[in-house]
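Peer 1: Spelled out, the chains give:
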Amino acid sequence: AQSVTQLGSHVSVSEGALVLLRCNYSSSVPPYLFWYVQYPNQGLQLLLKYTSAATLVKGINGFEAEFKKSETSFHLTKPSAHMSDAAEYFCAVSTSYGKLTFGQGTILTVHP
Amino acid sequence: GAVVSQHPSWVICKSGTSVKIECRSLDFQATTMFWYRQFPKQSLMLMATSNEGSKATYEQGVEKDKFLINHASLTLSTLTVTSAHPEDSSFYICSASSAGVYEQYFGPGTRLTVT
Numbered sequence: 001a002q003s004v005t006q007l008g009s010h011v012s013v014s015e016g017a018l019v020l021l022r023c024n025y026s027s028s029v030p031p032y033l034f035w036y037v038q039y040p041n042q043g044l045q046l047l048l049k050y051t052s053a054a055t056l057v058k059g060i061n062g063f064e065a066e067f068k069k070s071e072t073s074f075h076l077t078k079p080s081a082h083m084s085d086a087a088e089y090f091c092a093v094s095t096s097y098g099k100l101t102f103g104q105g106t107i108l109t110v111h112p
Numbered sequence: 001g002a003v004v005s006q007h008p009s010w011v012i013c014k015s016g017t018s019v020k021i022e023c024r025s026l027d028f029q030a031t032t033m034f035w036y037r038q039f040p041k042q043s044l045m046l047m048a049t050s051n052e053g054s055k056a057t058y059e060q061g062v063e064k065d066k067f068l069i070n071h072a073s074l075t076l077s078t079l080t081v082t083s084a085h086p087e088d089s090s091f092y093i094c095s096a097s098s099a100g101v102y103e104q105y106f107g108p109g110t111r112l113t114v115t
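Protein chains in written order, with our numbering: chain A, 1 to 112; chain B, 1 to 115.
Just chain A, same shape as in the assembly (with noise of 0.2 angstroms):
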């Protein structure tokens, strides 16, 4: 069985901040780990992806995400925040099966 948990529903940080956003995970077996994001009424988009090679990941839009086994951990990373950057970002979890398990969303939001 896999699963994911996002810690913070709600993230807001000021333009130019760091961006912070957690992801643990569960899995039985090695893990895929994706970040997306989600637009309001769209699909989602990948940010980055982690597939047993190099544990820091860049991805996207200046986002990059560290894989920790010994933590379980997946956290989402961007130096400086930009207004753009406000949606819902999910972390998500596969086996070689394909499942994708997603956790329950992030909302980021950037103030001026």
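Please note that a few of the clues may not be correct.
[What the hints assert, rightly or not] Dumping the calculated EDC-like pairs for lysine to aspartate or glutamate here, alpha-carbon to alpha-carbon at most 16 angstroms: (1) 99(A) / 103(B); (2) 64(B) / 88(B); (3) 41(B) / 64(A); (4) 49(A) / 64(A); (5) 20(B) / 65(B); (6) 55(B) / 65(B); (7) 49(A) / 103(B); (8) 66(B) / 88(B); (9) 20(B) / 88(B); (10) 49(A) / 66(A); (11) 14(B) / 88(B); (12) 99(A) / 59(B).
If you are wondering where the hints come from, they were derived from the structure by calculation, not from laboratory data.
In this text the structure is predicted, and so the values were computed from the model without any measurement.
Take the given structure of chain A and dock chain B to it, following the hints.
Peer 2: Coordinates of chain B only, in the frame set by chain A:
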């Protein structure tokens, strides 16, 4: 590459009627397609997984006779909501993956409103 489309993007139907949502992979062969439902301010919940040419596998609690899924070709899957009721109003999102590829590519979603 790896583009998935959905049609329609939004639909309004009357209670008791059926509505069909299409999911297409535009530039790759989708051996597996997934259907998700997302209620307002909630996460995505997997409804079913379909492999081309096979019957869909439904998640626990999802009525297979109400949510009919067909995956007749490597580029098209359809979800038909039969005898729709207001509680079926939701955002339905499909995704697709190729054989041996762990990554899913998501469609833009379909907003269903049942009146």
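Peer 1: Of the numbered hints stated previously, which ones are contradicted by the structure, given in increasing order?
Peer 2: The structure conflicts with hint 3 only, although it agrees with all the remaining ones.
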